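K.L.:
Sequence:
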Amino acid sequence: MDWARADEASKILNPYRGSRHPEVLWRRGRVLYLKAEEAKSKGGDRARHARLVREGFAAVQLALEQDPDCGKAHQWMSVLRYSLAELEGTLARLKSVDNIRADMERAIQLLPGEDVPRTMLGMWFYEISQLTWLERQVVQAAGQTVPKPDHALRQAVHWFHEAERLHPAKSCLNQLMLGKALLAEDDPERARACIERAASIPPTSSSNAKAQLDARQLLECWKQ
Numbered sequence: 003m004d005w006a007r008a009d010e011a012s013k014i015l016n017p018y019r020g021s022r023h024p025e026v027l028w029r030r031g032r033v034l035y036l037k038a039e040e041a042k043s044k045g046g047d048r049a050r051h052a053r054l055v056r057e058g059f060a061a062v063q064l065a066l067e068q069d070p071d072c073g074k075a076h077q078w079m080s081v082l083r084y085s086l087a088e089l090e091g092t093l094a095r096l097k098s099v100d101n102i103r104a105d106m107e108r109a110i111q112l113l114p115g116e117d118v119p120r121t122m123l124g125m126w127f128y129e130i131s132q133l134t135w136l137e138r139q140v141v142q143a144a145g146q147t148v149p150k151p152d153h154a155l156r157q158a159v160h161w162f163h164e165a166e167r168l169h170p171a172k173s174c175l176n177q178l179m180l181g182k183a184l185l186a187e188d189d190p191e192r193a194r195a196c197i198e199r200a201a202s203i204p205p206t207s208s209s210n211a212k213a214q215l216d217a218r219q220l221l222e223c224w225k226q
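Quick note on our numbering: the sequence shown kicks off at 3 and runs consecutively.
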C-alpha cells in the first residue's frame, strides 16, 4: 500500500473505529504507519509523526493480543516496533533487534506465500552486518543476538533470494537490497545486475519508488 491509498483505506476503516477484530486492527496500524511516514518525508510535525507511530503500534499490539497467529499483525509489528525504537533513540533501536527479528520470522511462518516479510528479514540481517564494532558491543551488552557480519550477509542474501523465488522481479526494494548485499560480499557483477533490475522494475509503492531512485543513483556513481 502507498501513501496515496492510505487515506482511502482510512475512510474504509472509519466505520469500524473501536473494533477489536485483529483484521481491522492490523490494517489500522498499517494506515497509521503510512501516514506517519508521509508526515516524516514531508518534513511535517515531529510530534504528529511520533503520535501516529505510537497509535499504530498500539493497534497492532492489540491485534496480536486478540490473535497471536495473525501473520500480517506480526509483519506490521516488526515495522512499527522498529519505528517506535527509532523515536526512542539509537540505544532503544539496538536493544530491540531480537524482538523485531522474532516478529519477522513469525510472519514468514504464518505467511508462506508472501515475499514482503522475507525482504524485511533480509534487510534485518543486512543492517546487522553493517553495524560498527561499538554498536555490536552495545547490542551484545543488551543481551541481543548479533550474528557475525559474514554470516549475517549470507542470511541477507538467502532471504532476498527467497523473496525473489516467490515473486520474481516484482520489488525494486528487494532487488536493490540483494544488490547491496552481493556488493558487500564482493560480488560486483551479480550486484550490478540486481541494481540494474531495481532501476527498471515499475515501482508499485513509495518505498519501491525510493528504492528505484537509489538504484539509479548507484548506477550513475558506477559510470563515473
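FYI, nobody ran anything at the bench for these hints, they're computed from the structure.
Bear in mind the structure is a predicted one, so any value in this text is a computation, not a measurement.
Ideal placement from N, C-alpha and C gives every residue a C-beta, glycine not left out.
Among the hints, erroneous ones may be present.
What the hints assert, rightly or not - Below, simulated DSS-like cross-link-like pairs (lysine-lysine); rule was C-alpha separation at most 30 Å, straight line: (1) Lys150 <-> Lys212; (2) Lys97 <-> Lys150; (3) Lys212 <-> Lys44.
As the list claims (entries may be wrong) - Computed Cβ-Cβ distance ranges for the label pairs, DEER-style: (4) Asp69 <-> Trp224: 24 to 34 Å; (5) Glu137 <-> Asn16: 23 to 33 Å; (6) Leu136 <-> Arg56: 25 to 35 Å; (7) Arg192 <-> Asn16: 42 to 52 Å; (8) His169 <-> Gln111: 23 to 33 Å; (9) Asn101 <-> His23: 19 to 29 Å; (10) Arg50 <-> Gln219: 45 to 55 Å.
K.L.:
If a hint holds in the structure, say so; if it does not, say that too.
P.N.:
Evaluated hints:
| no. | hint | result |
| --- | --- | --- |
| 1 | Lys150 <-> Lys212 | holds, 29 Å |
| 2 | Lys97 <-> Lys150 | holds, 17 Å |
| 3 | Lys212 <-> Lys44 | holds, 14 Å |
| 4 | Asp69 <-> Trp224: 24 to 34 Å | violated, 47 Å |
| 5 | Glu137 <-> Asn16: 23 to 33 Å | violated, 42 Å |
| 6 | Leu136 <-> Arg56: 25 to 35 Å | holds, 29 Å |
| 7 | Arg192 <-> Asn16: 42 to 52 Å | holds, 47 Å |
| 8 | His169 <-> Gln111: 23 to 33 Å | violated, 18 Å |
| 9 | Asn101 <-> His23: 19 to 29 Å | holds, 24 Å |
| 10 | Arg50 <-> Gln219: 45 to 55 Å | violated, 30 Å |
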